[in-house]
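Here is what each chain is made of, one letter per residue.
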Amino acid sequence: MNSKPSRRQFLRTVSAVAVPAFIPARALGRDGHVAPSNRITLAGVGIGPRGRYDLSVMLPEQDVHFVTICDVQRSRREAVKQMVDDHYGNNDCTMTRDMFEVYDRPDIDAVLVATGDHWHALASILAMKAGKDVYSEKPCGMTIGEVQALSDAADRYGRVFQAGTQRRSLANFQYAAQAAISGKLGRLHTLHASVYTPSRTYDWLPAEKEPPIDEVDWDRWLGPSPWRPYNHQYVAGRWRGHYDFEGAANFPDWGAHTVDLCQWANQADDTVPITYEASTDGITAKYANGVTLICDFLPTPFGNRDPHYTTSTGTCPVRYEGEDGTIETGDNGEIVVTGKAAKSLQREFAKPGTSAKGHGRNFFDCVKSREKPVCHQQVMRRSHIACFAAQLSWELDRKLTFDPKRECFIQDPEANRRIHRATRAPWSLYV
Amino acid sequence: MKPSLLFFLSLLATAFAEPSPQAILESPSSSQQAKAQACRLAGEQALSNTVPALANLVADPVLSTYARTALERIATPEAKLALTNALTTTDGMERVGVIQSLGALKVTSTAKALARLLQRADTTTSTAILRTLGLFQTEQATQVLLSQLIHQDAERRSAAAVGVLLAAEGHAQAALLYQAIAQADVSASLRHAALRGLILTKRSAPFLLEHIQSEDPQLQDVALRTLRDFPPDELAPILHDALATVSPDLQTKLVQALRSIGDPRSAPVVAALLPEAEGALRRAILQTLGHLGGNVAAETLVPLVSESEAQAALITLQTPQTDALLIDRFHSNQDRQAIVTVLGQRGSESGTRLLLRACLDPDQPALVEAALRALRPLAGLGELPTLVSIYGAALHAFYPSDSAIPSLARTTLAAACRRSDRDQAGETLLRKATAARTTDAKLAWLRLLAAIGYEPALAQFQPLIQDTTTVKEAASLLTRWPDSAPLTMLLRQGTAAHWPHASIIQASLELVAKDKNPMTRISSLKRLQPFINSPSRKQRFLSLLGDTPHSDTAAIIQSYQNANNTTVREAAEAAWKRLKETKR
Numbered sequence: 001m002n003s004k005p006s007r008r009q010f011l012r013t014v015s016a017v018a019v020p021a022f023i024p025a026r027a028l029g030r031d032g033h034v035a036p037s038n039r040i041t042l043a044g045v046g047i048g049p050r051g052r053y054d055l056s057v058m059l060p061e062q063d064v065h066f067v068t069i070c071d072v073q074r075s076r077r078e079a080v081k082q083m084v085d086d087h088y089g090n091n092d093c094t095m096t097r098d099m100f101e102v103y104d105r106p107d108i109d110a111v112l113v114a115t116g117d118h119w120h121a122l123a124s125i126l127a128m129k130a131g132k133d134v135y136s137e138k139p140c141g142m143t144i145g146e147v148q149a150l151s152d153a154a155d156r157y158g159r160v161f162q163a164g165t166q167r168r169s170l171a172n173f174q175y176a177a178q179a180a181i182s183g184k185l186g187r188l189h190t191l192h193a194s195v196y197t198p199s200r201t202y203d204w205l206p207a208e209k210e211p212p213i214d215e216v217d218w219d220r221w222l223g224p225s226p227w228r229p230y231n232h233q234y235v236a237g238r239w240r241g242h243y244d245f246e247g248a249a250n251f252p253d254w255g256a257h258t259v260d261l262c263q264w265a266n267q268a269d270d271t272v273p274i275t276y277e278a279s280t281d282g283i284t285a286k287y288a289n290g291v292t293l294i295c296d297f298l299p300t301p302f303g304n305r306d307p308h309y310t311t312s313t314g315t316c317p318v319r320y321e322g323e324d325g326t327i328e329t330g331d332n333g334e335i336v337v338t339g340k341a342a343k344s345l346q347r348e349f350a351k352p353g354t355s356a357k358g359h360g361r362n363f364f365d366c367v368k369s370r371e372k373p374v375c376h377q378q379v380m381r382r383s384h385i386a387c388f389a390a391q392l393s394w395e396l397d398r399k400l401t402f403d404p405k406r407e408c409f410i411q412d413p414e415a416n417r418r419i420h421r422a423t424r425a426p427w428s429l430y431v
Numbered sequence: 001m002k003p004s005l006l007f008f009l010s011l012l013a014t015a016f017a018e019p020s021p022q023a024i025l026e027s028p029s030s031s032q033q034a035k036a037q038a039c040r041l042a043g044e045q046a047l048s049n050t051v052p053a054l055a056n057l058v059a060d061p062v063l064s065t066y067a068r069t070a071l072e073r074i075a076t077p078e079a080k081l082a083l084t085n086a087l088t089t090t091d092g093m094e095r096v097g098v099i100q101s102l103g104a105l106k107v108t109s110t111a112k113a114l115a116r117l118l119q120r121a122d123t124t125t126s127t128a129i130l131r132t133l134g135l136f137q138t139e140q141a142t143q144v145l146l147s148q149l150i151h152q153d154a155e156r157r158s159a160a161a162v163g164v165l166l167a168a169e170g171h172a173q174a175a176l177l178y179q180a181i182a183q184a185d186v187s188a189s190l191r192h193a194a195l196r197g198l199i200l201t202k203r204s205a206p207f208l209l210e211h212i213q214s215e216d217p218q219l220q221d222v223a224l225r226t227l228r229d230f231p232p233d234e235l236a237p238i239l240h241d242a243l244a245t246v247s248p249d250l251q252t253k254l255v256q257a258l259r260s261i262g263d264p265r266s267a268p269v270v271a272a273l274l275p276e277a278e279g280a281l282r283r284a285i286l287q288t289l290g291h292l293g294g295n296v297a298a299e300t301l302v303p304l305v306s307e308s309e310a311q312a313a314l315i316t317l318q319t320p321q322t323d324a325l326l327i328d329r330f331h332s333n334q335d336r337q338a339i340v341t342v343l344g345q346r347g348s349e350s351g352t353r354l355l356l357r358a359c360l361d362p363d364q365p366a367l368v369e370a371a372l373r374a375l376r377p378l379a380g381l382g383e384l385p386t387l388v389s390i391y392g393a394a395l396h397a398f399y400p401s402d403s404a405i406p407s408l409a410r411t412t413l414a415a416a417c418r419r420s421d422r423d424q425a426g427e428t429l430l431r432k433a434t435a436a437r438t439t440d441a442k443l444a445w446l447r448l449l450a451a452i453g454y455e456p457a458l459a460q461f462q463p464l465i466q467d468t469t470t471v472k473e474a475a476s477l478l479t480r481w482p483d484s485a486p487l488t489m490l491l492r493q494g495t496a497a498h499w500p501h502a503s504i505i506q507a508s509l510e511l512v513a514k515d516k517n518p519m520t521r522i523s524s525l526k527r528l529q530p531f532i533n534s535p536s537r538k539q540r541f542l543s544l545l546g547d548t549p550h551s552d553t554a555a556i557i558q559s560y561q562n563a564n565n566t567t568v569r570e571a572a573e574a575a576w577k578r579l580k581e582t583k584r
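Residue numbers (the numbering used here), protein chains in the order written: chain A, 1 to 431; chain B, 1 to 584.
Hints were generated in silico from the structure; no laboratory data involved.
Quantities reported herein were computed from a predicted structural model and do not represent experimental measurements.
Just so you know, not all the hints are guaranteed correct.
Said to hold, decoys possible - Selected chain B positions facing chain A (in silico; Cβ < 10 Å):
| no. | residue |
| --- | --- |
| 1 | S64 |
| 2 | T125 |
| 3 | T252 |
| 4 | K253 |
| 5 | R282 |
| 6 | A284 |
By construction, the Cβ of each residue, glycine as well, lies at the ideal position given by its N, Cα and C atoms.
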């Protein structure tokens with residue numbers, strides 16, 4: 001038989017062991033330490049600036065042990081190893097260019113996927129196929145087809161999957177969603193999700209000589225994306241906006257968060273809007289339950305966000321409007337309430353910001369309990385589909401009608417053609 | 001217009017028109033990038049006339065993926081035929097890509113050809129073939145897959161198992177397919193995926209329970225993961241029965257599972273485990289009760305309110321009677337501080353009323369502190385009178401000097417003011433400030449008024465900034481103003497003959513920073529300029545100028561660019577750069 005239990009599972013089966021004369025407190029999980037058998041062994045794949053941020057909030061978790069980094073860029077591998085070794089005060093973090101070396105390790109329980117967007121879905125799928133649980137940065141795929149395949153793989157392999165839409169784990173956003181869900185705003189009629197104005201380029205950057213493979217493995221960096229010549233700017237993070245590396249014209253950069261939050265407020269995690277229509281100001285989508293979702297294009301998302309939103313609420317603002325009032329919040333933690341609901345709902349939050357700490361903690365708790373985390377694959381699937389469908393209405397510049405059950409556009413072959421893209425061989429989403 | 005002119009114009013139009021995707025794809029002189037874009041357009045627009053050109057590109061190592069995407073999107077019979085033909089005209093990775101596309105398009109007519117290819121295929125090719133056969137979901141393809149499950153090569157078996165998993169989804173005989181994988185010599189991950197599929201396909205709660213209670217921890221793990229996808233109505237009663245017979249470790253997992261299932265019938269079953277439970281099991285029970293809700297959950301959790309897990313559960317418990325139970329317990333003098341903390345988080349009206357009463361209990365300072373903390377995120381206009389009374393009592397030294405109550409009262413009152421109508425809150429506080437008998441008390445009220453920016457209060461500041469004993473503190477309080485409104489009053493304090501106090505200059509500079517209007521800003525800075533003498537003050541002054549885009553700003557900055565002091569010169573340079581960026 002070709003089965004390799006994970007270390008945690010193996011230790012669980014050992015029922016009669018000769019107890020040594022002395023067992024360090026650390027090994028027994030005393031004095032605040034977590035025993036190794038109760039620790040989650042974590043690996044990282046594609047850890048750049050965002051990934052290092054995620055790691056910075058995950059490393060301090062006492063029951064998590066980060067052991068290895070996989071990245072196709074040497075400089076990034078080394079930076080993460082330095083970060084991890086400094087945290088643990090040792091030299092133990094290993095590095096590799098090849099993700100399969102990570103996925104083949106039986107001791108690894110979970111993987112943090114923070115590659116460029118074009119790798120999110122496939123890296124996550126391969127990890128889950130290998131028996132790992134996954135925390136993936138958003139957007140979790142580049143097309144409707146990718147997030148469908150990702151969600152299906154998580155179901156197929158029964159893994160714990162958390163999308164990195166961490167605002168669902170932040171107190172002020174939770175509070176605002178609860179205000180909408182609980183009916184304190186009256187009948188909900190309109191949701192506002194702030195997004196970037198979509199933009200993209202199809203151009204290739206000028207070709208440059210590929211560096212040595214150990215410096216940058218360009219072929220592996222491309223992965224499932226079609227081949228194009230190397231340019232250092234892609235790997236330095238300036239792949240954004242390029243059609244082959246970013247699926248939806250910048251829309252999901254904030255949209256993956258804000259549309260997701262609106263889905264939640266509308267209790268629509270099991271569905272998506274049925275119509276989408278773009279204008280110069282944004283995209284209007286309508287749910288079957290009559291609620292309208294408006295994705296507002298913000299010309300200066302990091303500057304003045306008036307009049308769409310109250311600028312002081314911060315970045316990634318959302319607003320939920322009901323018959324009895326509205327509630328708005330953003331990354332500054334501020335809650336702005338108007339209407340009849342104002343007095344009873346106004347509240348302050350001591351800890352604003354965009355920290356992924358709580359979201360990571362939720363993931364790790366679910367790795368242990370096998371529960372579904374707050375942004376599990378089904379939640380991710382629907383909120384991402386809503387994002388991509390909205391962006392397609394902008395791209396095609398006309399109204400689109402979507403069937404949430406069949407997950408395709410109704411009598412619209414032009415839109416349906418854009419649901420999938422072929423992947424570069426030998427990479428496939430269907431594993 | 002003459003026909004010859006028309007003809008000439010149409011020729012011109014043709015010459016300058018964008019070449020069609022077909023033309024680009026067929027032209028040997030088109031660049032790779034141009035062909036890639038043409039492939040994209042061909043697919044998006046389903047240009048069937050591009051199929052022959054795309055077929056030629058399927059073998060191109062650079063453009064193959066672009067061409068295949070286009071063919072997949074065009075998806076006409078001709079496009080599918082082109083891909084089918086490419087099976088024999090491509091090799092290596094390009095052929096693997098073609099096989100992938102045949103799977104994406106479900107060109108099931110190629111099953112036989114793929115099966116033949118399988119016989120001599122390398123690992124990468126055979127993996128692609130087996131995956132595609134799985135996507136076909138036909139009987140013929142499935143039979144090929146099942147035959148490969150016993151292949152001597154481990155990679156082949158693994159790929160076949162993946163194919164069978166794909167084939168099984170929605171298959172009428174899915175259980176048999178999953179059984180085949182579960183018994184195959186393949187990785188644990190694949191066998192467990194099959195077991196999971198089998199459990200869900202059989203939809204048998206006893207079968208699920210059998211695996212939950214398995215001695216094999218891996219199988220147990222699969223079952224625990226899978227039960228979250230089981231129909232909850234069938235599952236909850238089965239798990240209730242199992243709870244009584246399994247180990248504490250498994251009890252913990254089952255209790256967590258009952259939380260996921262969310263069946264309210266589980267509450268009394270889970271609550272019954274509590275007396276004997278400790279550690280992880282106890283925590284799981286308390287969390288689950290908080291999630292399940294209901295009267296049993298509330299009645300079980302309230303007496304345990306001093307435990308942190310119970311507190312967390314009570315904070316989110318939706319059951320309406322929860323607040324009443326907590327208030328009753330409070331009145332029976334039990335767990336008062338913990339209850340105050342929980343009520344503060346729950347934020348109900350009845351809870352808020354109790355918190356206000358708790359703030360007024362002179363004999364329980366610890367309780368008063370807890371209540372003030374709990375009120376801070378909640379208090380608004382309705383709570384203002386009580387909070388004003390408490391703060392007033394604090395100012396009259398009602399509490400010991402080391403008590404935290406005065407500062408807590410202030411911060412909670414400030415929070416309440418921020419959430420209230422500014423004029424109403426301001427009026428209440430201004431009455432207190434006006435009636436204050438001591439300077440310290442007056443300044444304490446004015447501090448709050450400054451924080452909310454109540455303009456009628458400015459008159460109270462006037463005498464204080466003219467008094468040398470109070471100017472420093474009064475000016476410092478004015479910097480808390482949310483905008484630059486106090487600036488006009490402060491700027492009146494200085495004249496050529498009478499320099500204003502240093503605190504006034506300092507406060508003025510901080511208030512200028514809050515003024516977003518370049519015109520009033522530059523006017524204020526000009527008024528202040530004669531009194532800006534120290535290098536550090538010049539540094540600050542220049543920094544503010546740098547953020548003031550006005551026609552007069554440049555000249556002022558330039559006047560500092562030749563200063564003797566290096567710090568000042570550098571500050572002037574930085575301001576100059578900043579000004580240029582701001583203007584841009």
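Verification of the hints:
1. S64: 7 Å, holds
2. T125: This interface hint holds because 9 Å falls under the 10 Å limit.
3. T252: 8 Å, holds
4. K253: Check passed: Cβ of K253 of chain B comes within 7 Å of chain A, closer than 10 Å.
5. R282: 15 Å, violated
6. A284: 8 Å, holds
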